[in-house]
Amino acid sequence: MSSTATSAPAPLAAAARRSGSTGDRIFAGLCRGAGIFVLILLGAIIVELFIGGLPAFRAFGLGFVWGSNWDPVAEEFGAIVPIYGTIVTSVMALTLAVPVAFGIAYFLTEIAPTPLRRPVGTAIELLAAVPSIIYGMWGFFVIVPVMAQYVQPVIIDSLGEVPLIGVLFAGPPFGTGIFTAALILAIMIIPFIAATMRDVFQTVPPVFKESAYGLGCTRWEVMWNIVIPYTRRSVVGGIMLGLGRALGETLAVTFVIGNANRLSASIFAPGNTIASLVALEFGEAEADSLKLSALLALGFILFVLSFIVLAISRLLLRPRAGQ
Amino acid sequence: MNRLATLVGAAVATLGLAVSAASAQQITGAGATFPNPVYQKWGEAAEKAVGIQLNYQSIGSGAGMTQARNRTVDFGASDAPMSAALLEEHKLLQFPTVMGSLVAIVNVPGVADNQMKMTGELLADIYLGKITKWNDSRLVEMNRGLTLPNLAIAPVYRGDGSGTTFVWVSYLSAVSPQWKEKVGVGTSVKWPAGTGARGNEGVASTVRNTRGAIGYVENAYALQNKLVSTQLRNRAGNFISPTHESFIAAAENADWNAPNFAANLIDQQGAASWPIVSPTFVLLPKDPKDAARSANVMKFFDWAFANGTKLAEELEYIPLPKAVQDAVRASWKLHVKGADGKPVM
Numbered sequence: 024m025s026s027t028a029t030s031a032p033a034p035l036a037a038a039a040r041r042s043g044s045t046g047d048r049i050f051a052g053l054c055r056g057a058g059i060f061v062l063i064l065l066g067a068i069i070v071e072l073f074i075g076g077l078p079a080f081r082a083f084g085l086g087f088v089w090g091s092n093w094d095p096v097a098e099e100f101g102a103i104v105p106i107y108g109t110i111v112t113s114v115m116a117l118t119l120a121v122p123v124a125f126g127i128a129y130f131l132t133e134i135a136p137t138p139l140r141r142p143v144g145t146a147i148e149l150l151a152a153v154p155s156i157i158y159g160m161w162g163f164f165v166i167v168p169v170m171a172q173y174v175q176p177v178i179i180d181s182l183g184e185v186p187l188i189g190v191l192f193a194g195p196p197f198g199t200g201i202f203t204a205a206l207i208l209a210i211m212i213i214p215f216i217a218a219t220m221r222d223v224f225q226t227v228p229p230v231f232k233e234s235a236y237g238l239g240c241t242r243w244e245v246m247w248n249i250v251i252p253y254t255r256r257s258v259v260g261g262i263m264l265g266l267g268r269a270l271g272e273t274l275a276v277t278f279v280i281g282n283a284n285r286l287s288a289s290i291f292a293p294g295n296t297i298a299s300l301v302a303l304e305f306g307e308a309e310a311d312s313l314k315l316s317a318l319l320a321l322g323f324i325l326f327v328l329s330f331i332v333l334a335i336s337r338l339l340l341r342p343r344a345g346q
Numbered sequence: 583m584n585r586l587a588t589l590v591g592a593a594v595a596t597l598g599l600a601v602s603a604a605s606a607q608q609i610t611g612a613g614a615t616f617p618n619p620v621y622q623k624w625g626e627a628a629e630k631a632v633g634i635q636l637n638y639q640s641i642g643s644g645a646g647m648t649q650a651r652n653r654t655v656d657f658g659a660s661d662a663p664m665s666a667a668l669l670e671e672h673k674l675l676q677f678p679t680v681m682g683s684l685v686a687i688v689n690v691p692g693v694a695d696n697q698m699k700m701t702g703e704l705l706a707d708i709y710l711g712k713i714t715k716w717n718d719s720r721l722v723e724m725n726r727g728l729t730l731p732n733l734a735i736a737p738v739y740r741g742d743g744s745g746t747t748f749v750w751v752s753y754l755s756a757v758s759p760q761w762k763e764k765v766g767v768g769t770s771v772k773w774p775a776g777t778g779a780r781g782n783e784g785v786a787s788t789v790r791n792t793r794g795a796i797g798y799v800e801n802a803y804a805l806q807n808k809l810v811s812t813q814l815r816n817r818a819g820n821f822i823s824p825t826h827e828s829f830i831a832a833a834e835n836a837d838w839n840a841p842n843f844a845a846n847l848i849d850q851q852g853a854a855s856w857p858i859v860s861p862t863f864v865l866l867p868k869d870p871k872d873a874a875r876s877a878n879v880m881k882f883f884d885w886a887f888a889n890g891t892k893l894a895e896e897l898e899y900i901p902l903p904k905a906v907q908d909a910v911r912a913s914w915k916l917h918v919k920g921a922d923g924k925p926v927m
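Chains B and W supply the protein sequences, listed in that same order. Count along the first sequence from 1, then add 23; that gives the number in this note's numbering. Count along the second sequence from 1, then add 582; that gives the number in this note's numbering.
So here's chain B without its partners, still in its complex pose (with noise of 0.2 Å):
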């Protein structure tokens, strides 16, 4: 622009001045415009779903919140199986995802030769673009019969007879349940937050890691020390991108979770999520009918949770006072 301006007559300079203004402005105005189209959308969604579900809520009060019985037939509907599944899956999935996506990205950023950085890392972006119903085929025809036959049948038979925390690992062996739908969605999930933790390692300035190796650090104390407070933000900011992804997944769930609107304390049960549920019941749900209300309802609940999770993460990366 400056390099015009200067090099061409006055009254051109002029002419390409005004013209250029009225483009930003033009340009500024689908910017702010693209910007409320994504609130009001979102604002649409979320209201569209109350109103959906508003039969449901008036017809059971908050009780549907608590409510454990989900009974197509008598038309009664509780959603706590569902959220329960929703959320236990979820920090389960997180807890096996968040260590070892940590150890992939401090592998790929501290330790790894420098021409094994490349293939590796693009190897976890491709497996980030693997689509759900693969990984839910994979999980279904793979990890369930192994933790049906193998896994499961030893944990029963020694974990599940310990006083107090045996009823965690009790019931019959099916292979699929809340554990391996966590299973699954901690395979899904480790590319994301792997790919996020590696890139926001690399923007750590090396004069710091330097400068702390000189003094005699560790690596382990240079990445607790020097890469993790600088990059705080950005690596909460991935594995809760993570935990909406594992919030929101339904395919992959669907086909292992084992869809049984049921609580129960071992984490080998057939259990449910939200989404899950909401495509299951979904087809079968008439018009105008108190099912349907349902499930549009728990569709907003779903949305709430999320609302909260990225709520809790604002909150958690708030800059501390003195920083």
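Calculated from the structure, these hints are not laboratory results. Computed from a predicted model, the values in this text were never measured in an experiment. Honestly, I wouldn't trust all of these hints.
When the alpha-carbon atoms are kept at most 20 Å apart in a straight line, the in silico EDC-like pairs for lysine to aspartate or glutamate are as follows [said to hold, decoys possible]: (1) K630/W to E896/W; (2) K762/W to E98/B; (3) K762/W to D94/B; (4) K808/W to D695/W; (5) K673/W to D311/B; (6) K699/W to D718/W; (7) K764/W to D707/W; (8) K762/W to E99/B; (9) K673/W to E309/B; (10) K772/W to E309/B; (11) K772/W to D94/B; (12) K715/W to D180/B; (13) K764/W to E98/B; (14) K764/W to D94/B; (15) K772/W to E99/B; (16) K919/W to E670/W; (17) K715/W to E703/W; (18) K772/W to E98/B; (19) K764/W to E99/B.
Here are some chain W residues the structure puts well away from chain B; computed CB gaps all over 10 Å [said to hold, decoys possible]: (20) K623; (21) D718; (22) D869; (23) D922; (24) P925.
The beta-carbon is built from N, C-alpha and C at its ideal position, and this holds for glycine as well.
Please arrange chain W on chain B, whose structure you already have, making use of the hints.
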């Protein structure tokens, strides 16, 4: 970039041509998943034979009923019959097209196809979670010739809402008062025990992969996947293997004079009848917006009744008895009328 644009353009043009060439005789239907394979096969064959192209979307019986009510498709399809009141209210004609049968499948070491003897009461108790081991005394009693292992029973059901589940729980309700009272009938129910799998394929695979599993699928899936089915005791007290003959026997012994053809083929009389047979239905507006399209729907099923029998049997469906087909044809003439009050067909 340019090449891409040309390619896309060509694709759009081809698609447009294909659509415009076919749209003259196109009919649309949506709903039940159970008859989807045979409707697709009939659609292919009918396009060649009578030039009617069927666009059928298997989106589920509930959605099929909704679409028929809203008149967004030429016909809706449902595995469960619609209630007489709703049919009346939304001016829909209901007729059966084809029948199917359900079988119980098991994965028990040492038990081969059609060896195990089962009764509806036992099945209900298994799905209620009251019988939990394969060597339960009641099962052993019934199967003296088999050695049943000390293995947990893993009941598998359809996790998605489905017409198959509707038929299955209709049967359990018919034979077990306790099931009727505790669980009831619907396209999805509150299962007291077991695990859910998605679709017939999902149930078939889960049963095959899980030792001690029991499930229910349409007969076609049991045959295709070479699963182990059981014998069932019918109303007459005989143990019957799931064969084509036993399905036909059930269809012939049913009372088809029920209003709106909503015949109940579950657990019917007849010494050789298989107890779990069920028709699937089509919902057609009695006051079609577009009489020509509605006429084509009837022409399509008329052709399918006359010429689609072999195709249906290849896919393990059971064709309607001749008398029922004729009664359906008569009902078209009687009920489906254009704006001028004359029969469309």
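Right, here's what the structure says about each hint:
| no. | hint | result |
| --- | --- | --- |
| 1 | K630/W to E896/W | holds (19 Å) |
| 2 | K762/W to E98/B | holds (15 Å) |
| 3 | K762/W to D94/B | holds (14 Å) |
| 4 | K808/W to D695/W | holds (9 Å) |
| 5 | K673/W to D311/B | holds (18 Å) |
| 6 | K699/W to D718/W | holds (14 Å) |
| 7 | K764/W to D707/W | holds (11 Å) |
| 8 | K762/W to E99/B | holds (17 Å) |
| 9 | K673/W to E309/B | holds (17 Å) |
| 10 | K772/W to E309/B | holds (18 Å) |
| 11 | K772/W to D94/B | holds (5 Å) |
| 12 | K715/W to D180/B | holds (17 Å) |
| 13 | K764/W to E98/B | holds (14 Å) |
| 14 | K764/W to D94/B | holds (11 Å) |
| 15 | K772/W to E99/B | holds (10 Å) |
| 16 | K919/W to E670/W | holds (15 Å) |
| 17 | K715/W to E703/W | holds (16 Å) |
| 18 | K772/W to E98/B | holds (10 Å) |
| 19 | K764/W to E99/B | holds (13 Å) |
| 20 | K623 | holds (22 Å) |
| 21 | D718 | holds (14 Å) |
| 22 | D869 | holds (19 Å) |
| 23 | D922 | holds (31 Å) |
| 24 | P925 | holds (30 Å) |
Going down the numbered hints, you'll see the structure goes against none, and every one checks out.
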